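Chemist: Here's the letter readout for the chains.
Number of protein chains: 2
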Amino acid sequence: MEKQEAFSKGFNLMKRTKIALVGSNDDQSFPNIKAFLNLEPESLQRIWFSTNTSSKRVGQFRKNPKTCVYYVDENTFEGLLLVGEIEVLQDSASRQKLWREGFECYYPQGVDDPDYSVLRFTAEWGNYYHGLSNVTFQID
Amino acid sequence: MEKQEAFSKGFNLMKRTKIALVGSNDDQSFPNIKAFLNLEPESLQRIWFSTNTSSKRVGQFRKNPKTCVYYVDENTFEGLLLVGEIEVLQDSASRQKLWREGFECYYPQGVDDPDYSVLRFTAEWGNYYHGLSNVTFQID
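Just so you know, the protein sequences line up as chains A and E, in that order.
Quick note, the first sequence lines up with residues 1 to 140 if you use our numbering.
Quick note, the second sequence lines up with residues 1 to 140 if you use our numbering.
I should point out that these hints are in silico values taken from the structure, not numbers from a laboratory.
Since we're looking at a predicted model, the values are computed, not measured.
Hints are supplied without guarantee of correctness; some may be wrong.
To be verified - 20 angstroms max Cα-Cα, derived EDC-like pairs, lysine to aspartate or glutamate:
{"id": "1", "chain 1": "A", "residue 1": "K56", "chain 2": "E", "residue 2": "E78"}
{"id": "2", "chain 1": "E", "residue 1": "K63", "chain 2": "A", "residue 2": "E104"}
{"id": "3", "chain 1": "A", "residue 1": "K66", "chain 2": "E", "residue 2": "D26"}
{"id": "4", "chain 1": "E", "residue 1": "K56", "chain 2": "A", "residue 2": "E124"}
Assemble the whole structure, with the sequences as input and the hints as a guide.
Modeler: This is how it looks when you write it as structure tokens:
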């Protein structure tokens with residue numbers, strides 16, 4: 001499998017999965033994983049999420065931005081791992097970009113709720129596999 | 001939610017999911033995630049997997065045993081994170097314990113194939129959530 005095919009199939013996987021698995025490191029340098037709603041998979045390099053500012057993950061990302069994002073389809077045996085860094089944003093444009101109908105139940109004060117944060121992930125490299133075939137690639 | 005309820009619901013989730021998401025750290029201390037077949041979820045404390053000795057993950061676990069295992073049901077909004085350490089085993093009893101029909105396609109030499117390894121994960125703590133309710137607990 002060539003890098004171009006891996007990019008194309010990987011992006012297709014990103015677009016069709018309901019959740020993204022996000023890996024972080026905790027205070028004791030143990031990896032942690034949490035599912036996030038798959039809202040804005042812009043490209044293999046750039047992914048956006050939203051979460052509560054008060055959440056454990058935001059605390060972890062502020063101390064250590066090293067992050068990975070993983071998409072998997074257990075039926076087709078496909079997986080895409082993206083590894084890079086994540087930023088916690090609270091500017092108005094980022095908030096508006098990620099806001100969805102119904103978010104009021106998580107952020108009662110609306111789009112300006114101080115507990116509403118946006119996460120912007122930037123990948124440096126990735127690995128896509130389908131069955132026993134897999135490719136590791138740089139992203140730039 | 002009490003710890004006992006989290007244990008019971010978490011174990012139910014472990015037993016019914018097809019894959020377990022395993023988090024490790026790579027050489028640059030970035031978290032990585034990979035899906036493993038969910039073979040032997042013995043308890044919240046002890047989980048067994050099998051994999052290729054030559055795989056990237058076995059190399060990572062030998063350098064840094066800090067690991068997490070995550071189970072998620074995207075339909076019921078449940079998730080279970082278990083954090084601890086993992087061991088790479090190749091003894092005969094462990095190999096026999098994890099061996100399944102059809103594994104010959106991954107390990108052509110059978111149960112004694114040098115490329116067949118068993119992973120034993122031991123959790124120290126965990127977090128179970130269901131919707132907006134979640135509990136973090138020690139495991140001992």
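Chemist: Report the numbers of all earlier hints that the structure fails to satisfy, in ascending order.
Modeler: 2
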